[in-house]
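Reading the sequence shown from the start, the letters are residues 1 to 193 in full-length UniProt numbering.
Please keep in mind that the hints were generated in silico from the structure rather than gathered at the bench. All figures in this text were calculated on a predicted structure; none of them were measured in a lab. Check the hints yourself; a few may be wrong.
As the list claims (entries may be wrong) - Pair by pair, the computed Cβ-Cβ distance ranges are:
no., residue 1, residue 2, range
1, D148, G40, 54 to 62 Å
2, A184, E9, 41 to 49 Å
3, Y45, A180, 45 to 53 Å
4, R102, N46, 31 to 39 Å
5, Q11, K153, 43 to 51 Å
Positions of the beta carbon are idealized from the N, C-alpha and C atoms, including for glycine.
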Amino acid sequence: MARPRKFDEEQAVQAALDAFWRAGYEATSTQDLCDATGLGRSSIYNTFGSKRDLFLRALRRYIEHMTSVQVANLENDRPVHDKIRDLLTTIVVDETDHLGDRRGCLVVNTAIELSGRDVEVTALLERDYRRRHAAIKAAIDAGRLDGDIDRDKDADALAHAVIGAVSGIRLAARSGVDRAGLTAIAETTLAAL
Numbered sequence: 001m002a003r004p005r006k007f008d009e010e011q012a013v014q015a016a017l018d019a020f021w022r023a024g025y026e027a028t029s030t031q032d033l034c035d036a037t038g039l040g041r042s043s044i045y046n047t048f049g050s051k052r053d054l055f056l057r058a059l060r061r062y063i064e065h066m067t068s069v070q071v072a073n074l075e076n077d078r079p080v081h082d083k084i085r086d087l088l089t090t091i092v093v094d095e096t097d098h099l100g101d102r103r104g105c106l107v108v109n110t111a112i113e114l115s116g117r118d119v120e121v122t123a124l125l126e127r128d129y130r131r132r133h134a135a136i137k138a139a140i141d142a143g144r145l146d147g148d149i150d151r152d153k154d155a156d157a158l159a160h161a162v163i164g165a166v167s168g169i170r171l172a173a174r175s176g177v178d179r180a181g182l183t184a185i186a187e188t189t190l191a192a193l
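Use the sequences and the hints to build the structure in full.
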């Protein structure tokens, strides 16, 4: 008879998420995961299947949390400029208040490391991109209807530009750009609206 698990599976996923976020998928060894979760190799493999399966579960958790927060902000009942400003400001603050670790965004990091090389990861990132794009585009479309954004502006293109700015802020921060530089990226993006 199999022994019952004596650990919190969700806490283990969160600990693994933090390990992958710090070092990336490939640089995180099974031993790193054991150290982070406090589990033995057999517990990790018996529970999660493989390092990759654990990574996918952690990435899904990260995406669901981060994207849900962003989408909720975009769906509230405020002017579109305020919504997009809050989104970009949150990214700038997130990146500059954690300068010591410079982890960036797990989605951006994963896109750089694995996208195009892992079909399942690529599909997961593409679905997340489409979800964020749809929420930003809907906010921009609403702003166009309200007159907050010029009706001649292309909502689809602006939504892609905002997502590009978010990724750009994350990457620039990892490259050592200070808060003023990151804020300049955000302000330039807002000016395009």
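> Which hints from the list above does the structure break, by number from lowest to highest?
Replying inline: none
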